[in-house]
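*Asks:* Put together the whole structure using the sequences plus the hints.
If you read the sequences in order, they're chains Y and G. Using numbering that gives the first Met the number 0, the letters of the first sequence map in sequence onto residues 0 to 88. Using numbering that gives the first Met the number 0, the letters of the second sequence map in sequence onto residues 0 to 270.
Any given hint could be a false lead.
Stated by the list, open to error - Pairs of lysine to aspartate or glutamate, EDC-like flavour, derived with a Cα cap of 16 Å:
#1 K16/Y to E231/G
#2 K11/Y to D42/Y
#3 K11/Y to E188/G
#4 K76/Y to E61/Y
#5 K11/Y to D228/G
Worth flagging that the hints you see were computed from the coordinates, not collected in a lab.
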Amino acid sequence: MAIVRLSTPLRKFNQGKPEVEAGGSTLKEVLQNIDASNPGFADKVLEKGEIKRFVNIYVNNEDVRLGKGLETQIGEKDVVSILPAVSGG
Amino acid sequence: MGLNLNEIKRYSRQLVLPDFGSQQQARLKGSKVAVTGGGGLGCPVSTYLTLAGIGEIHIIDMDNIEMSNLNRQFLYTPEDVGKPKAEVAAERLGEVNPEIKVDAIVERITYDNAFDLLKGYDAVVDGTDNFPVRYAINDACAVNRTPLFHGAVLMYEGRATSIIPKETACFRCAFPNPPPSNMVPTCREAGVVGSMVGLIGSIQAMETVRYLAGLEIGLKNRLLVINVDTMEFEKVRLRRLDDCTACGDTFVPRPVDEVCETRRIEDEQRA
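*Replies:* Here you go:
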């Protein structure tokens with residue numbers, strides 16, 4: 000299971016919790032599996048099968064957009080971080 | 000630029016650091032820094048830059064002090080409510096360290112004025128609170144080739160990165176598009192505790208001081224993400240994009256629409 004860390008704006012789609020564990024061999028499968036137990040989650044992160052333009056996803060601290068995107072391979076204990084920009088100050 | 004006797008005494012605790020001496024202190028004394036925003040981030044940022052001995056600090060903010068600022072904006076007292084933040088902060092910090100110059104610029108930063116307003120600084124430290132202004136500051140610093148020390152906060156989550164022109168990713172490389180306004184609430188809507196902005200502001204000030212002193216810094220091409228509810232600190236890797244519209248090969252002005260903000264207010268009124 001991968002550990003998925005959710006930025007504050009996304010936690011309301013995970014019962015307010017900052018992390019969720021999810022199975023799946025690719026990032027896409029991991030996100031689908033989170034959505035299966037948290038309906039509506041995928042809509043906040045994906046649009047027309049792609050990662051939304053204002054959401055960044057990092058696997059082990061690397062931006063997947065600069066690699067294989069949703070097809071990024073996910074291994075046991077990989078850490079996925081989902082971060083939109085925040086602006087408060 | 001040499002140091003006088005008062006300065007040698009005042010800065011003695013940092014002058015004894017193994018990698019920091021009178022040469023580094025003199026570099027700080029010769030530096031001119033803009034702090035955008037005199038709020039939750041701006042208070043710790045400008046305070047620590049003042050204490051460290053940055054020679055000239057300009058605090059840019061056009062807001063007046065409100066009672067609801069006082070849980071985190073420690074430069075202000077209840078008697079200051081209604082006064083311009085930048086002026087009160089500059090006056091107070093000038094008293095804290097008479098060896099330096101702290102000035103107030105009571106002006107709203109926009110995409111139209113940011114490029115001129117932020118010209119001529121050795122560094123800009125961003126403590127503003129909304130996307131249109133943050134993208135304006137990012138683009139202005141990219142064009143002006145000014146180092147920008149970014150920090151942002153949402154509830155118990157904080158972010159920081161240090162943007163060195165032509166060397167590191169800028170804010171727009173990391174986040175080419177802001178989220179829609181209904182996705183990411185502001186501090187006013189979501190809430191914020193003083194120590195959270197204190198933590199991020201201190202990190203921004205630390206990076207600025209080390210950079211201006213000529214020391215290595217840790218947040219180049221890294222976005223520090225802190226969640227204080229779990230005390231997770233992580234650094235994700237950022238990469239410079241050659242086709243970035245702000246810092247890439249060709250600059251393209253891209254003001255962030257404030258319409259989304261208007262729409263949010265309309266939505267709230269409807270609700």
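*Asks:* Hint by hint, note whether the structure agrees.
*Replies:* Verification of the supplied hints:
Note on K16/Y and E231/G: the hinted pairing holds, with a Cα-Cα distance of about 13 Å set against a maximum of 16 Å. The hinted pair formed by K11/Y and D42/Y meets the criterion: a straight-line CA distance of about 13 Å does not exceed 16 Å. Restraint check: the Cα-Cα separation between K11/Y and E188/G comes to about 15 Å, which is no more than 16 Å; the hinted pair holds. As the CA atoms of K76/Y and E61/Y are separated by approximately 15 Å, the hinted pair is consistent with the 16 Å bound.
At most 16 Å may separate the alpha-carbon atoms for a hinted pair to count; K11/Y and D228/G meet this at roughly 15 Å.
The structure meets every hint from the earlier list without exception.
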